[in-house]
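Start from the sequences and build out the full structure, keeping to the hints where you can.
Number of protein chains: 2
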Amino acid sequence: MKDKKEIPFNKPYLTGKEVHYLYDSVSSGKLSGNGKYTKKCQNFLVNSYGFGKCLLTTSCTDALEMAALLIDIQPGDEVIMPSYTFVSTANAFILRGAKIVFADSRKDHPGMDEASIEKLITAKTKAIVPVHYAGVACDMDVIMDLADQYNLFVIEDAAQAIDNYYIDRTGNKRALGSIGHLAAFSFHETKNIISGEGGMLAINDAQFQERAEIIWEKGTNRSSFFRGEVDKYGWVDIGSSFLPSELISSFLWAQLENLKEIQQRRTEIWNLYFQGLETWAHDNNIGLPVIPSYSTNNAHMFYLVFENIEQRDSVIKKLKKNNILAVFHYLSLHKSEFYKDKHDGRELIESDSFSDCLVRLPMFFELEDSQIERIIKVIKSSI
Amino acid sequence: MKDKKEIPFNKPYLTGKEVHYLYDSVSSGKLSGNGKYTKKCQNFLVNSYGFGKCLLTTSCTDALEMAALLIDIQPGDEVIMPSYTFVSTANAFILRGAKIVFADSRKDHPGMDEASIEKLITAKTKAIVPVHYAGVACDMDVIMDLADQYNLFVIEDAAQAIDNYYIDRTGNKRALGSIGHLAAFSFHETKNIISGEGGMLAINDAQFQERAEIIWEKGTNRSSFFRGEVDKYGWVDIGSSFLPSELISSFLWAQLENLKEIQQRRTEIWNLYFQGLETWAHDNNIGLPVIPSYSTNNAHMFYLVFENIEQRDSVIKKLKKNNILAVFHYLSLHKSEFYKDKHDGRELIESDSFSDCLVRLPMFFELEDSQIERIIKVIKSSI
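Quick note, the sequences are listed as chains V and P, same order.
Here the first sequence is numbered in our numbering, starting from 29 and rising by one per residue.
Here the second sequence is numbered in our numbering, starting from 29 and rising by one per residue.
There could be a bad hint or two in this list.
Same chains, same label: a pair holds when it works inside one copy or across any pair of copies.
As the list claims (entries may be wrong) - Derived BS3-like pairs (lysine-lysine); straight-line CA-CA distance at most 25 angstroms:
hint	residue 1	residue 2
1	363	67
2	64	45
3	346	260
4	127	64
5	81	288
6	260	349
7	288	368
8	45	58
9	127	363
10	68	408
11	408	345
12	127	33
13	345	260
14	348	260
15	33	58
16	405	58
17	370	288
18	405	32
19	408	368
20	58	288
21	39	346
Because the hints were derived from the structure by calculation, they are not lab data.
See below:
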């Protein structure tokens, strides 16, 4: 019954150094935030991806909340984002009083349809929040042009997009999260690079860099004080406790040190899925992930798009019967119990379609080639 | 020069089991929030202290923010709290639009003067936030009576008050944090029980227990779903990612297992300070911590109150010269750069006095008797 061994949907990968660095932070006695490992991680991320500045946070949700504070969202301000996203993308702005204007997904991809954004812009629009779904880039040139034209902020929800790139119209490769005014990343255990719970705010627009640090430090100018820039520190602004413990950042450091190895194996897995399913998918009218020409692939996720919810559910069931855990993903936020009465009534058919038809396959560093073959075999036999 | 070895103000104490439990959580592969150790900690806290329900959070700040969401603070609502407190006590409510009405401290203690509260209550008052400074209880009977009379919520800021008790007018010993409708605790590395960064919300009023879990889980009914109470989960409310990683809760578990041992040693240290300084303080008109008859003592902090800022600063300087780190504490929030123009102009002289005159002495589990003697000796020689 070897064949029946369960394949989980996700399994956090430990590089082996996590416990070592955890132990180092524990024995150093500095366990609160903004210590040695926090700085190591932040410097690594800035240097690797060209972000203006990085601040680790306790979650991507918290990074998005920092962004909402920084752009000074006021009650009634409108924020445009896809309906096919995680609740935190919306909640972070709703907590500041924003009205969410949901955009539909592209037909070929769950990412927000860039061509649909302009007609959603009103005098109240304050920001656009592109979500790089599955780590795949939104068309940032289009979005940044709109932001320039209408004087809007762009906050990249890069929760899934670590180590991925957008190729702009001049052919430049730009790291996702380095393009918008601000960007939020996740290191939740389901992501490529993890720290259990955790996140990071990239602050690319220099006007926000000083205040970001203050908001991160509970509304105090403590960081500035420790750099000797002010002679005492106190309460100067709103803020929260966004910074994670060194327990979190020391763990994250081990992951970042092994980023290349992690990305390489995930890419192999992604390619094995793609090659194994390509012909079958074409023959059966099943959608595979689309990587647009302006995006590289960070192999965060491998998904299939079925023709309807019944077909999708039957495949999930068949996989489960074979001890393989595959899962659907977001439910359109504009149809949620919380927001359906606040939404303006527009139909967002692509978002609904991805809610019904998309399924994510097991994807984690330690997934073996033989397991991938087994998964592909079960999928092919189920239609 | 053995005598000159530095005595830090704080040193996080590790019981020895932290790395063991961290390793267990790491190797279990469940690193995100709400796993085994989170539940162990929450159950322990509920069972030990009679809280209605407990939810671990990434910080005490976050627990206070959850409280502000739960009592549905709206712009213009007024919240009464001491001026002599940490910025997060105020910011958590300001983020929801509250106006803070600052109360003065007692003359004999930095805690809020209970007798001053009633005249601060208006038709807009929504909540009172007593801060159990140094872990010492506020007079909760007085505060709860006011809350009943004026229909207000009471949120205990119990950041420093783990394992401490209020003796009510009927002689019952009630754990701090179990009395108000809600209470926020901190496990920051400077507290008695630590997890680097970390906190906990106690939810004593049953009306908030279901919604607290939803807000904690990013505004979704995910917890309810996993208990089989609803057949799918989705976005039902505002919320954030308040729950900490299992890395944090596994660490905390080791601390909670050793709570008695930790508290015993801290109490010994506190008593050594008190006995060593009592006569000297009396003779020199220096204030020592006051533990009112209605409070027990969790030995969170040992402080002295000098006659004026010059005397206080000179003692800190003298201690520093002798390689002993003692520190002052809060600056009155009503005089802060952020709030001075928003404050209603009332003088809060006791709060200002504690800002100027209070100094906290080194206080940590591993502080040795001989070090305490050395500290006392230097203090006595400095006046």
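Can you list which hints this structure breaks, lowest number first?
-> 1, 4, 7, 10, 12, 16, 17 and 19
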